[in-house]
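Colleague: Here's the letter readout for the chains.
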Amino acid sequence: MAVYKRTYKAYHGALTPAWSRFTVLTRYGLSTLFDSRPFTAYTVLCFLPFLVGLAYIYIVHSVAAQAIMGMNVGNAMPGTVNNDWFHRLLVFQAGMGFILAAWGGPGMITKDFANHSVQLYLSRPISRTEYLFGKISVLAALLSCTTWIPALILFLVKAELQGHGWLWDNLWMAGSIVLGCLLWIAVISLVSMAVAVWVKWRIAATALMLAIFFLLPALSLVIGAILRTNWGFLINFPFMITIVWAHLFKITLIHRHASGFDVVPLWAAWASLLSLCAACFWLLDRKLQAREVERA
Amino acid sequence: MSTAAVARAGKSWNDVPWQLWASQLAAILRIEIKKTLWMRRSIWIYLLAFAPAVMFGIHALTSPMGRNCSIEEDTRVLAYTFQIFYLRVGIFFGCMGLFTWLFRGEIVEKSLHYYFLSPMRRELLVAGKFLAGFITASLVFASSVLLCFIFAYGHFGPTGRAFVFNGPGFGQLTAYLFVTILACLGFGAIFLALSLIFKNPIIPGVVVLLWESFHAVAPSLLQKFSVTFYLKQLSPVTIPPDGLMALFTVVAEPVSPWLAVPGLLALSVATLVFAGYRIRRTEISYLAD
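Sequences listed follow chains A and B, in order. In terms of our numbering, the first sequence is residues 5 to 300. In terms of our numbering, the second sequence is residues 410 to 698.
Hints listed in this document are in silico derivations from the structure and should not be mistaken for laboratory results. None of these values were measured; they are calculated from a predicted model. Careful: at least some of the hints might be erroneous.
[Said to hold, decoys possible] No farther apart than 25 angstroms at their CA atoms in a straight line, the calculated lysine-lysine pairs in the DSS-like style are these:
(1) A:Lys-204 with B:Lys-444
(2) A:Lys-115 with B:Lys-519
(3) A:Lys-204 with B:Lys-519
(4) A:Lys-115 with B:Lys-443
(5) B:Lys-608 with B:Lys-519
(6) A:Lys-13 with A:Lys-115
(7) A:Lys-115 with A:Lys-254
(8) B:Lys-519 with B:Lys-444
(9) A:Lys-291 with A:Lys-204
(10) A:Lys-204 with B:Lys-633
(11) B:Lys-633 with B:Lys-519
(12) A:Lys-204 with B:Lys-608
(13) B:Lys-633 with B:Lys-444
[Unchecked claim] Just the calculated beta-carbon pair ranges, DEER-fashion:
(14) B:Ile-693 with A:Phe-38: 54 to 62 angstroms
(15) B:Arg-687 with A:Arg-31: 32 to 40 angstroms
(16) B:Ala-435 with A:Ala-145: 51 to 59 angstroms
Don't be surprised by glycine CBs; every beta carbon is placed ideally from N, CA and C.
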């Protein structure tokens, strides 16, 4: 049938509920990411710390396993799975997750902006917030699956194997795991989206993300050394997250470049991270606003 | 064997069109230097390179005549800045941005085919673009290091001048500038080659960054495959490793400058030869980025 003979009519099928429309973007975003085999392989690799941690918890609680492996450590080892152990595990997983976010994050949104196709999304019954939320949810879901969810599983396994009220004594740690990881996921997802809409080129956006998390820390050290101040650390966002996490996990922090007591205070670390998030929000809001385009 | 092949094999050194190649190279250099040095999008490289110079400037203003510091202290701070900022990340990211843009940027702007359609050898294009990137990076980073040096010692007045012109200062400055230029050469060649192999050269760039940052914990033989290893050997003031890294650092046998400089040059030339070989088979796909 010729195209002009077709008669078009409004869609009368079932509509996606308004509250879950953003999940359509998330679903397609995840599907696009996992089209890449290297990315899929790397995502699987991100679960390696979880498996190693699981094996470790099992071994330190199993006398039989220790006997088979020829280890004779008595009852000392279960105590090694403590707040410090979970903190180190999360730091490692966060590092791996950063590469995941830098790899997959910018590509999800740069194409929409570079090809001027955002209006195709926004012409559907979906708001700017939902568009952004749908895109961020892709990263949030991925990073959750590789950070706080496995950590919580390990926490529960440890509680089950340890018994004797360990769970209730250390319940605060579960809160620290969730809050710490959610903060990190929020920072990394917002930075990833913000740099992507700003530079509109995937490669540059990935490089900019790396620069924020590798170059700014080096610059902060230089500021500290030249101007003899510790306030330069405020642009060292990985270190700010470390300070917040150390507080959440009740760990005494000794930083090699800080002289004793002069580390940045906790409120300053929170302020630095929240300022970064606010700046990213502002940039995203500015770039996602409707504007009239005049063509010559 | 075809007659063309025989003719090619028989071509002597004098038959090579050196003059044509030189003029083509000059033309590419002119275009590319203009693109990389004076474009609005190049502002980031100036910000990146001159950030420590601004810090040293502020320090010079707040500490006139060395009121709150000493020459020994500032010498150590300058060496620290050079090794921690310039060598490890500053020049690294600068070269990553500059040299990746040389080819990937042409693909984004959908303009690489103009070069490929012109009657010019592709190896020459690689050489021209590399030289342009190298000149730009060296100029920007060397100027920045020079400014840092001037600010670091200028505010000491006559004592600072004596340190530079009658002491070890001038030799240190020459060494800093030389190492900066070598760093631009080494990292530039690596990123130019990476941009011709990978669609997104930043992810392998992360691997290079991690290797260059943590190569000190690798066995001494493996350390020799790192650009920073040679550059650190050539730096005039040594900064000992501190913190956790110091525990795992493997102290490799120092390499003489007579070996380090040709080693870096050889690495750069080999990478460029590979890039030249690679570009002969490159097909343009503007859909990729």
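Colleague: For the pair supplied as a hint, Lys-633 of chain B and Lys-444 of chain B, is the alpha-carbon distance within the 25 angstroms limit?
Modeller: violated, 35 angstroms
Colleague: Do the Cβ positions of Ala-435 of chain B and Ala-145 of chain A conform to the proposed distance bound of 51 to 59 angstroms?
Modeller: Holds - the Cβ-Cβ distance for Ala-435 of chain B and Ala-145 of chain A, about 53 angstroms, lies within 51 to 59 angstroms.
Colleague: Checking one constraint from the list: CA of Lys-204 of chain A to CA of Lys-519 of chain B, max 25 angstroms. Satisfied?
Modeller: Holds - the C-alpha atoms of Lys-519 of chain B and Lys-204 of chain A are around 15 angstroms apart, at most 25 angstroms.
Colleague: Quickly compare the C-alpha distance for Lys-115 of chain A and Lys-443 of chain B to 25 angstroms and report which way the hint goes.
Modeller: Violated: Lys-115 of chain A and Lys-443 of chain B sit about 28 angstroms apart, past 25 angstroms.
Colleague: Are the Cα atoms of Lys-608 of chain B and Lys-519 of chain B separated by 25 angstroms or less?
Modeller: Measuring from Cα to Cα gives roughly 15 angstroms; hence the hint holds.
Colleague: What's the verdict on Lys-204 of chain A and Lys-444 of chain B, does the C-alpha distance respect the 25 angstroms limit or exceed it?
Modeller: Distance of about 19 angstroms is within 25 angstroms: holds.
Colleague: Just to be careful, I want the Cα atoms of Lys-291 of chain A and Lys-204 of chain A compared with a cutoff of 25 angstroms; is the pair within it?
Modeller: Given pair Lys-291 of chain A, Lys-204 of chain A holds - Cα atoms ~11 angstroms apart, limit 25 angstroms.
Colleague: Can you confirm whether the C-alpha distance between Lys-115 of chain A and Lys-519 of chain B stays at or below 25 angstroms?
Modeller: Holds - the C-alpha atoms of Lys-519 of chain B and Lys-115 of chain A are around 15 angstroms apart, at most 25 angstroms.
Colleague: Between Ile-693 of chain B and Phe-38 of chain A, does the beta-carbon spacing fit 54 to 62 angstroms?
Modeller: violated, 28 angstroms
Colleague: Sort out whether Lys-444 of chain B lies within 25 angstroms of Lys-519 of chain B, counting only the CA atoms.
Modeller: Holds, because 15 angstroms separates the two Cα atoms, which is no more than 25 angstroms.
Colleague: When you check the alpha-carbon spacing of Lys-633 of chain B and Lys-519 of chain B, does it fall within 25 angstroms?
Modeller: violated, 39 angstroms
Colleague: Please verify whether Lys-13 of chain A and Lys-115 of chain A have alpha carbons no more than 25 angstroms apart.
Modeller: Violated, because 31 angstroms separates the two Cα atoms, which is more than 25 angstroms.
This entry does not satisfy hints 4, 6, 7, 10, 11, 13, 14, going by the numbered hints stated previously.
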